[in-house]
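Under our numbering, the letters of the sequence shown match residues 1 to 289, in that order.
Hint data in this document are derived by calculation from the structure and do not stem from the laboratory.
Don't be surprised by glycine CBs; every beta carbon is placed ideally from N, CA and C.
Do not rely on the hints blindly, as some may be mistaken.
Pair by pair, the computed Cβ-Cβ distance ranges are [unchecked claim]: (1) 80 x 191: 25 to 35 Å; (2) 191 x 230: 49 to 59 Å; (3) 191 x 275: 27 to 37 Å; (4) 250 x 80: 21 to 31 Å; (5) 130 x 173: 55 to 65 Å; (6) 227 x 56: 33 to 43 Å.
Here are the computed lysine-lysine pairs in the DSSO-like style, where the Cα-Cα straight-line distance is at most 27 Å [unchecked claim]: (7) 60 x 263; (8) 241 x 263; (9) 263 x 238; (10) 238 x 288; (11) 60 x 32; (12) 241 x 282; (13) 32 x 73.
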Amino acid sequence: MYEQIASNKRRTVFLMLFFLVLLWVLGFVIGKATGNPGILFFIGIFSIAYSIFSYFAGAKMALAINRAKQIQKSDDPRLWRTVENLAITDGLPMPKVYIMQDPSPNAFATGRNYNNAVVCATTGLLQIMNDNELEGVIAHELGHVKNYDMRVNTLAFALVGVISMIADFFLRWSFWGGDDEDNNSSLFIAIAVFAAIIAPFAASLLQLAISRRREYLADATGALTTRYPEGLASALEKIEKTGSATRVQNTSTAHMFFANPLKSHSFLNLFSTHPPIEARIKALREMKL
Numbered sequence: 001m002y003e004q005i006a007s008n009k010r011r012t013v014f015l016m017l018f019f020l021v022l023l024w025v026l027g028f029v030i031g032k033a034t035g036n037p038g039i040l041f042f043i044g045i046f047s048i049a050y051s052i053f054s055y056f057a058g059a060k061m062a063l064a065i066n067r068a069k070q071i072q073k074s075d076d077p078r079l080w081r082t083v084e085n086l087a088i089t090d091g092l093p094m095p096k097v098y099i100m101q102d103p104s105p106n107a108f109a110t111g112r113n114y115n116n117a118v119v120c121a122t123t124g125l126l127q128i129m130n131d132n133e134l135e136g137v138i139a140h141e142l143g144h145v146k147n148y149d150m151r152v153n154t155l156a157f158a159l160v161g162v163i164s165m166i167a168d169f170f171l172r173w174s175f176w177g178g179d180d181e182d183n184n185s186s187l188f189i190a191i192a193v194f195a196a197i198i199a200p201f202a203a204s205l206l207q208l209a210i211s212r213r214r215e216y217l218a219d220a221t222g223a224l225t226t227r228y229p230e231g232l233a234s235a236l237e238k239i240e241k242t243g244s245a246t247r248v249q250n251t252s253t254a255h256m257f258f259a260n261p262l263k264s265h266s267f268l269n270l271f272s273t274h275p276p277i278e279a280r281i282k283a284l285r286e287m288k289l
């Protein structure tokens, strides 16, 4: 169990380093192509500013996009007590509790740190899960909080956005004004155009890989909290049967959910922010506490 958690953390660190290298390479080749090496500095400043904005505004935007509503203990005592008991077990401050009116069984956590954490469950999840299964799902979401996954995922998503915007800007520049041979060598322009086309795709794949690793990590952390992996595995089995696609379909917040909230297509599953449910169930049932 502990080795799985440590392994997932190491892999996430390596993936984030690849992300930063990709951003640096893209900035470097664009700087060479435009004849302005200093552009790398401005790309760095823009990346930091965009990431900071996403970090502070991400939680409110996610709650608004998914139409989640904050509740108090009297609104749903069962959910409130489950969150409260597990937060105490994890040594975390009591997060805010939200409910999303949606028949699909799902949940998500957001917030930039322990003191700003939010846990949200759909009405569908509350209806079909027994107490052990609900505990497993909420423990998973608090695992995201405990492991600072909101920071990691927000940064990864922001970097994808930055890389895509930079690549799009350069491609437009090369189309409209990139034929000035006095400023650049044709070789660097060709390399930069290739990088601008490939980089957003590569960044998206890295973000998906990071998101999947954090899901496995949250599963392991949640199982360690409850000391009952079968509760979480059983919850995943129910979700696999009923489906997890929510009414509100939004790719920008899909990585936050317990299970993939987007409509499933066999080809697009290769680019899902979540590992296959059957793989998560298998990993949980092979855990040794």
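Results of checking the hints against the structure:
1. Checked against the hint of 25 to 35 Å, the pair residue 80 and residue 191 fails, with Cβ atoms roughly 56 Å apart.
2. For residue 191 paired with residue 230, a C-beta distance near 53 Å keeps the hint of 49 to 59 Å intact.
3. Checking the proposed 27 to 37 Å range against residue 191 and residue 275 shows it holds: the Cβ atoms sit about 35 Å from each other.
4. Between residue 250 and residue 80 the beta carbons are some 26 Å apart, a value that agrees with the proposed interval 21 to 31 Å.
5. Checking the proposed 55 to 65 Å range against residue 130 and residue 173 shows it holds: the Cβ atoms sit about 57 Å from each other.
6. Separated by about 35 Å at the C-beta atoms, residue 227 and residue 56 satisfy the suggested range of 33 to 43 Å.
7. The suggested pairing of residue 60 with residue 263 holds, with an alpha-carbon distance near 24 Å, which does not exceed 27 Å.
8. A C-alpha spacing of about 14 Å is found between residue 241 and residue 263, which places the hinted pair at or below 27 Å, so the restraint holds.
9. Of the pairs offered as hints, the one joining residue 263 and residue 238 holds, with about 17 Å between alpha carbons and a cut-off of 27 Å not exceeded.
10. In summary, the hint linking residue 238 to residue 288 is supported, as the alpha carbons are separated by about 23 Å, within the 27 Å threshold.
11. Simply put, residue 60 and residue 32 have alpha-carbon atoms about 39 Å apart, too far for the 27 Å limit, and the pair is violated.
12. Pair hint residue 241 plus residue 282 holds up; C-alpha atoms about 16 Å apart against a cutoff of 27 Å.
13. A C-alpha spacing of about 59 Å is found between residue 32 and residue 73, which places the hinted pair above 27 Å, so the restraint is violated.
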